[in-house]
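Asks: Keeping their order, the protein sequence lines are chains A and B.
FYI, the working numbering numbers position 34 of the first sequence as 34, with every residue one higher than the one before it.
Heads up: take any position in the second sequence, counting from 1, add 242, and you land on the working numbering.
Note that these hints are calculated values from the structure, not bench results.
Note that the structure is a prediction, hence the values are computed from the model and not measured.
Just so it is clear, CB atoms sit at the ideal spot from N, CA and C, and this is done for glycine as well.
Certain hints may be false.
The calculated lysine to any residue pairs, modelled on SDA-like cross-linking and capped at a C-alpha distance of 25 Å, are [stated by the list, open to error]:
| no. | chain 1 | residue 1 | chain 2 | residue 2 |
| --- | --- | --- | --- | --- |
| 1 | A | K228 | B | V362 |
| 2 | B | K431 | A | G154 |
| 3 | B | K399 | A | K176 |
| 4 | B | K333 | A | A233 |
| 5 | B | K333 | A | T227 |
| 6 | A | K176 | B | A367 |
| 7 | A | K228 | B | A367 |
| 8 | A | K186 | B | T365 |
| 9 | B | K431 | A | T227 |
| 10 | B | K349 | B | K399 |
| 11 | B | K401 | B | G391 |
| 12 | A | K185 | B | V271 |
| 13 | A | K185 | B | A367 |
| 14 | A | K212 | B | T365 |
| 15 | B | K431 | A | A223 |
| 16 | A | K212 | B | A375 |
| 17 | A | K235 | B | E356 |
| 18 | B | K431 | B | K333 |
| 19 | A | K176 | B | V362 |
| 20 | A | K186 | B | K401 |
| 21 | A | K176 | B | K431 |
| 22 | A | K185 | B | G391 |
| 23 | B | K431 | A | G129 |
| 24 | A | K235 | B | G286 |
| 25 | B | K349 | A | A223 |
| 26 | B | K431 | A | A233 |
| 27 | B | K431 | A | A207 |
| 28 | B | K349 | B | L277 |
| 29 | A | K176 | A | L193 |
| 30 | A | K186 | B | K399 |
| 31 | A | K228 | B | W264 |
| 32 | B | K431 | A | L193 |
Quick look at which bits of chain A chain B covers, simulated, 3 or more residues with Cβ under 8 Å [as the list claims (entries may be wrong)]:
| no. | stretch |
| --- | --- |
| 33 | 140–149 |
| 34 | 156–164 |
| 35 | 167–181 |
| 36 | 193–199 |
| 37 | 206–218 |
| 38 | 223–232 |
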Amino acid sequence: MSAKDDETKKQASAEGEDSAGANAQAEAAEGGEASTAAEADSKPEAAKDAASPARAKAADDEPTEVDAKPRDEDAGEGETDEEDEKQASSKSTPPPKADPPKKVARAVSERPVRHEPKAAHGGHDEHHGDAHYVQIWAILVALLVASVVGPMLGHPVITLITAFGIAIVKAYMVAKNFMHLNVEKKYVAYVLLTMVAFMFLFFAGVAPDVMKHKGHNWRNEAAEQETKRALEAAKTSGHHGH
Amino acid sequence: MKPIATTRSVTGIPTGRLAVWWVIASEIVIFGGLLASYVMHRLGHPEFGDYAANTNTWIGAFNTLVLLSSSLSAVLAHQAATRGEGKQAAKLLAFTMLGGLTFAGVKSVEWTIEISHGYVLSTNAFWSFYYTAAGLHALHVIAGVVLMGIVAVDAAKGKELQRVELVGNYWHFVDIVWIFLFPLLYIAK
Chain A
1 MSAKDDETKK QASAEGEDSA GANAQAEAAE GGEASTAAEA DSKPEAAKDA
51 ASPARAKAAD DEPTEVDAKP RDEDAGEGET DEEDEKQASS KSTPPPKADP
101 PKKVARAVSE RPVRHEPKAA HGGHDEHHGD AHYVQIWAIL VALLVASVVG
151 PMLGHPVITL ITAFGIAIVK AYMVAKNFMH LNVEKKYVAY VLLTMVAFMF
201 LFFAGVAPDV MKHKGHNWRN EAAEQETKRA LEAAKTSGHH GH
Chain B
243 MKPIATTRSV TGIPTGRLAV WWVIASEIVI FGGLLASYVM HRLGHPEFGD
293 YAANTNTWIG AFNTLVLLSS SLSAVLAHQA ATRGEGKQAA KLLAFTMLGG
343 LTFAGVKSVE WTIEISHGYV LSTNAFWSFY YTAAGLHALH VIAGVVLMGI
393 VAVDAAKGKE LQRVELVGNY WHFVDIVWIF LFPLLYIAK
């Protein structure tokens, strides 16, 4: 055996070892998790993944029943991993002394490239530890203080911004960080926003009749009288709204 | 045999979690309709500002702080469940329940004071909205506390840990509703 052949063999062996690990990950992500994804919620251990926001983030890559299909189709309908490996092996020239790890390595490399889910590399969960949530809570409390103090200044614009503007910011922060909507499937946010849109639609349709007490061909005398009576009563009692 | 909510995920997320999102979506319509009605009446009736002057901002702010803090413990419970620490998750859920009970307790004291001052559901449109919106929200808080108790019992045994996230999401939504109710009922005077 020449020195060159020896070097080539060493290189191939190293490649095999590296890819064995990658293959283990690929198997876990593909076959292993695909088969257990449906059971994920039923097991406490599996709940670690299922309940995790990182899991949701990775859901686009992760093998749910829906997501798993295209990957199966890549391999061909009804094909097994073994057949996939055979197919991959036939595409590339096998080395003269192909040991099993090398074969697996080629099979993995022939498969369509799929990015590892972030959670597998310490994604969302590890970045967002308990301290992160405490930090978000502290910001929310600071915003609460601002929303109480701001209106005390008595300026309508400041009241509007500090009370309602801050409410929107707080709600967004809770939805994003505590409900993990930022890492949830996007259609969930679309569903929720559609409901919010319904609210605005309702407002737009009804508000003109409620906010005004008279129009071209109508007059809400009861509302007019009640407003007039209430404001006079408030003047008498000394209460004044902003 | 496990229920379908925990054994299927045909939509890309576990069906149980999807169901909670649907509950929240329907709740948005319920509370959204109520809040939109209040806002249009508030804008059309300047006297609402005078009525709102009788609500106690500090009590409202305290209850907001309580709910924000309970949301923190709910999300920390979710994190503990993610790590597979059922007992810790149950403990944090108990804190969240304590927050819910504190909120309900403070609310009942507040209402007792207001009713003793003659402000009841039928006093005028503002108080009708006030008791309806705050009451509906308080019912959700009580429901959340009960649900969390059930989930916490299982979580303490290390069972059904995925439910910690589900009940947590519901609780955060209840928190968000209050975030909007607080300025509408207590600050816009």
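Asks: Would you mind marking each hint as holding or not holding in the structure?
Replies: Here's how the hints hold up against the structure:
{"no.": "1", "hint": "A:K228 x B:V362", "in the structure": "holds (21 Å)"}
{"no.": "2", "hint": "B:K431 x A:G154", "in the structure": "holds (10 Å)"}
{"no.": "3", "hint": "B:K399 x A:K176", "in the structure": "violated (30 Å)"}
{"no.": "4", "hint": "B:K333 x A:A233", "in the structure": "violated (52 Å)"}
{"no.": "5", "hint": "B:K333 x A:T227", "in the structure": "violated (51 Å)"}
{"no.": "6", "hint": "A:K176 x B:A367", "in the structure": "violated (35 Å)"}
{"no.": "7", "hint": "A:K228 x B:A367", "in the structure": "holds (14 Å)"}
{"no.": "8", "hint": "A:K186 x B:T365", "in the structure": "violated (45 Å)"}
{"no.": "9", "hint": "B:K431 x A:T227", "in the structure": "holds (16 Å)"}
{"no.": "10", "hint": "B:K349 x B:K399", "in the structure": "violated (33 Å)"}
{"no.": "11", "hint": "B:K401 x B:G391", "in the structure": "holds (14 Å)"}
{"no.": "12", "hint": "A:K185 x B:V271", "in the structure": "holds (21 Å)"}
{"no.": "13", "hint": "A:K185 x B:A367", "in the structure": "violated (41 Å)"}
{"no.": "14", "hint": "A:K212 x B:T365", "in the structure": "holds (22 Å)"}
{"no.": "15", "hint": "B:K431 x A:A223", "in the structure": "holds (20 Å)"}
{"no.": "16", "hint": "A:K212 x B:A375", "in the structure": "holds (23 Å)"}
{"no.": "17", "hint": "A:K235 x B:E356", "in the structure": "holds (21 Å)"}
{"no.": "18", "hint": "B:K431 x B:K333", "in the structure": "violated (39 Å)"}
{"no.": "19", "hint": "A:K176 x B:V362", "in the structure": "violated (37 Å)"}
{"no.": "20", "hint": "A:K186 x B:K401", "in the structure": "violated (29 Å)"}
{"no.": "21", "hint": "A:K176 x B:K431", "in the structure": "violated (30 Å)"}
{"no.": "22", "hint": "A:K185 x B:G391", "in the structure": "violated (28 Å)"}
{"no.": "23", "hint": "B:K431 x A:G129", "in the structure": "violated (40 Å)"}
{"no.": "24", "hint": "A:K235 x B:G286", "in the structure": "holds (18 Å)"}
{"no.": "25", "hint": "B:K349 x A:A223", "in the structure": "violated (30 Å)"}
{"no.": "26", "hint": "B:K431 x A:A233", "in the structure": "holds (16 Å)"}
{"no.": "27", "hint": "B:K431 x A:A207", "in the structure": "holds (20 Å)"}
{"no.": "28", "hint": "B:K349 x B:L277", "in the structure": "holds (19 Å)"}
{"no.": "29", "hint": "A:K176 x A:L193", "in the structure": "holds (13 Å)"}
{"no.": "30", "hint": "A:K186 x B:K399", "in the structure": "violated (33 Å)"}
{"no.": "31", "hint": "A:K228 x B:W264", "in the structure": "violated (43 Å)"}
{"no.": "32", "hint": "B:K431 x A:L193", "in the structure": "violated (29 Å)"}
{"no.": "33", "hint": "140–149", "in the structure": "holds (count 5)"}
{"no.": "34", "hint": "156–164", "in the structure": "holds (count 3)"}
{"no.": "35", "hint": "167–181", "in the structure": "holds (count 8)"}
{"no.": "36", "hint": "193–199", "in the structure": "holds (count 5)"}
{"no.": "37", "hint": "206–218", "in the structure": "holds (count 6)"}
{"no.": "38", "hint": "223–232", "in the structure": "holds (count 5)"}
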